[in-house]
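J.: Here the structure of chain A is known, so what remains is to put chain B in place on it, guided by the hints.
There are 2 protein chains.
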Amino acid sequence: MIKISEAINIITKEAKLLEVEKVHILSSLNKILAEDIYSKDNLPSFDKSAMDGYAIKSEDTKNCESKNPVELRIKGIIKAGDYYEEEIKCGEAIKIMTGAAVPRGANAVIEIEKVNTVKDKLILNSVVKKENNIIKMGEEIEIGDLAIQKGKMIRPAEIGLLASLGYKYIHVYKSPVISLIITGDELIEIDEEPFMGKIRNSNEYSLRALIDNLNGKYISLGVVSDDKNILKEKIKYAFENSDIVITSGGASVGDYDFIEDVLKELGADIKFTTISIKPGKPVTFAVYNEKLFFGLPGNPMSIITAFEEFVVPAVNKMMGKNNLVKEEITVVLADDFKGKKGRTKYVYADIIKENGRYYAYNVGSQCSNHLITLSRANGIVIIPADIGSVNKGEILNGKFIFK
Amino acid sequence: MIKISEAINIITKEAKLLEVEKVHILSSLNKILAEDIYSKDNLPSFDKSAMDGYAIKSEDTKNCESKNPVELRIKGIIKAGDYYEEEIKCGEAIKIMTGAAVPRGANAVIEIEKVNTVKDKLILNSVVKKENNIIKMGEEIEIGDLAIQKGKMIRPAEIGLLASLGYKYIHVYKSPVISLIITGDELIEIDEEPFMGKIRNSNEYSLRALIDNLNGKYISLGVVSDDKNILKEKIKYAFENSDIVITSGGASVGDYDFIEDVLKELGADIKFTTISIKPGKPVTFAVYNEKLFFGLPGNPMSIITAFEEFVVPAVNKMMGKNNLVKEEITVVLADDFKGKKGRTKYVYADIIKENGRYYAYNVGSQCSNHLITLSRANGIVIIPADIGSVNKGEILNGKFIFK
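Sequences listed follow chains A and B, in order.
To convert, note that position 101 of the first sequence is 101 in this note's numbering; the numbers rise steadily by one, no gaps.
To convert, note that position 223 of the second sequence is 223 in this note's numbering; the numbers rise steadily by one, no gaps.
Chain A on its own, in the form it takes in the complex:
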């Protein structure tokens, strides 16, 4: 039985960055950029007006210093998207819309609200400084500049930036394909009525939802009855067709728990079979041809806990993410929580921010079958292995669950 941190270290050491794929920018959301993106253009690619106003020569407003109004002749209008061929000369102005290209000869834009006009005459009463309201060519980024660094997560801002730089396709790290194998003769379909000894296959749905929550891909290999040969075939197929293989159940010490035997027969390198965590102790982790195997426990609460704690860091590493594990927070216990020494206990709780501190409330039975407890919780209180029950007012680490 190894410690949680040790298990995560082993897992993230074995999880290797996946291959790179070329995707449309809209398909790259929340993936990790696998190349440095350099600008092929200046942004903006021309001197641009920041305001609706008049493009003028700053020199023409010098007379305003001595409080004399200046009159300029309005030659026309430049809309955003237009290109004005002529050069602006002394005594001339041109109306210009926000985002439009500043014409040759002009070196300042005066806001529409700050001037008066009489027919085609523009009347100015104050000096307009050079470059006033002009966004200079290349001000945001210049040709050849590094725009987005390899390793960055693509968010809406990066997608907008990539679009403005003319990138329609980019290289990102692939998401792992995860095979799901659910074991157990006791499982029935979710729309069947449970009869004696049978339970509905909820783990399949929990796992699919957990993977959907990561924007991951899964292959569902269905329910395997407690038959060693069938299980072996399925796991072999899964290793050949995915990056991560997850089994649910069958990893205990019972007479029909074949996972460890099958892995040995296939020649997989078993790294560990139990972790000092409650719930989620019976987790088998193995590696086979750089593919990762997670034998997760069959209890509904245990499997979700083990997935979030041990599978997610592997997925993050494979996708190229920087933060592999979830950040812990400091929580004040608002209730007593029962526990016993031995393993690190993940107690599901309702964590609420009050006056700038996080308080953890008890949400009931922590029996590893009770998914309803998890449904009442938004976080976890972490009780260290050497501590048993903890009391209201004590301060411990915790974390939020899901995303």
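Please note that a few of the clues may not be correct.
Each pair may be met inside one copy or between any two copies, as identical chains are not told apart.
Stated by the list, open to error - Subject to a maximum C-alpha distance of 30 Å in a straight line, what follows is the list of computed DSSO-like cross-link-like pairs (lysine-lysine): (1) K326 to K150; (2) K321 to K130; (3) K129 to K16; (4) K152 to K403; (5) K399 to K321.
Derived from the structure by calculation, the hints contain no laboratory data.
T.: For chain B alone, kept in the frame of chain A given last:
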């Protein structure tokens, strides 16, 4: 010009909860449950063994009190999923796997690690209490109990719980359909080379990514040139075919900014046209037949800011979410930040947790054209309207961006 909080109040007051739809549980992830879910079964639906071990009568172990070992006859084995017809009698035991139904007559399970066996003899050395290692029928939830309350967000835990309760389809609130209309003669496709006066249509991509990030749906109505009649037709179509209409650009005071006129002609109720925020001031919000209209600014940084600040709360409200706006945090300024009085300033920054506090670092120009600044940031420092520049060491509110 109204305050940010006032704008959000008006918007969330006008945003109405959308209709309910029936979806497969796997399609309900991160949506809001629109019905109370009651349990149609007991969970578990039978007394169940929590361990691999032996099902026995607790009474049979009484002799162990006087340190005499007790021998029981092992009658067989019950796997998970099996149902054992016979009743267990005094002096009998049956091997039982985790999750299997405890047979009639037995009232305790002793773990496999705590006993010895010799052929079909089970040897016990200590008293086993009644109900030891037995998960009682209905322990998690009983028939008729409320399992998940209307209004809850469906997470992987809820999907697992719904599956275990036999719910394959549930009712959730719909996500709004959002129409996107991009205005501006200056726009070219993202794979075109920018020529004089033109820029690539990056806002369309930013908006699509922002909506994808909310798991929302959009209808893209393309780029509309600066023509009032075409714009009117598009907005009319959008009102008829979506819940929210978003335009990008055309909402300023320029000669080609027709948004306000068009809304008036269509009979929409314009609630406001400017908000005291920088970037993102020119936001037009209107209502037409319970459909919401957001005229967002055309600057790449402004449009993302305005979407996150003003559109997201409306989407949250329509989907039935509880938390409409993002939580603010306290940040310590790690750098000076320039600003001027007048509007509330959202300064994009890199917020890093150090020794339990959030520190905000300056990431450069806050010009509302510069998407590259947003790309360098993970959060916002909020500088109140009555404050100008702020200095290193000062404490302000802030928040993280995106999800």
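J.: Look at each hint and say if it fits the structure.
T.: Each hint, compared with the structure:
| no. | hint | result |
| --- | --- | --- |
| 1 | K326 to K150 | both (22 Å within a copy, 29 Å between copies) |
| 2 | K321 to K130 | neither (46 Å within a copy, 50 Å between copies) |
| 3 | K129 to K16 | neither (57 Å within a copy, 49 Å between copies) |
| 4 | K152 to K403 | both (19 Å within a copy, 15 Å between copies) |
| 5 | K399 to K321 | both (19 Å within a copy, 22 Å between copies) |
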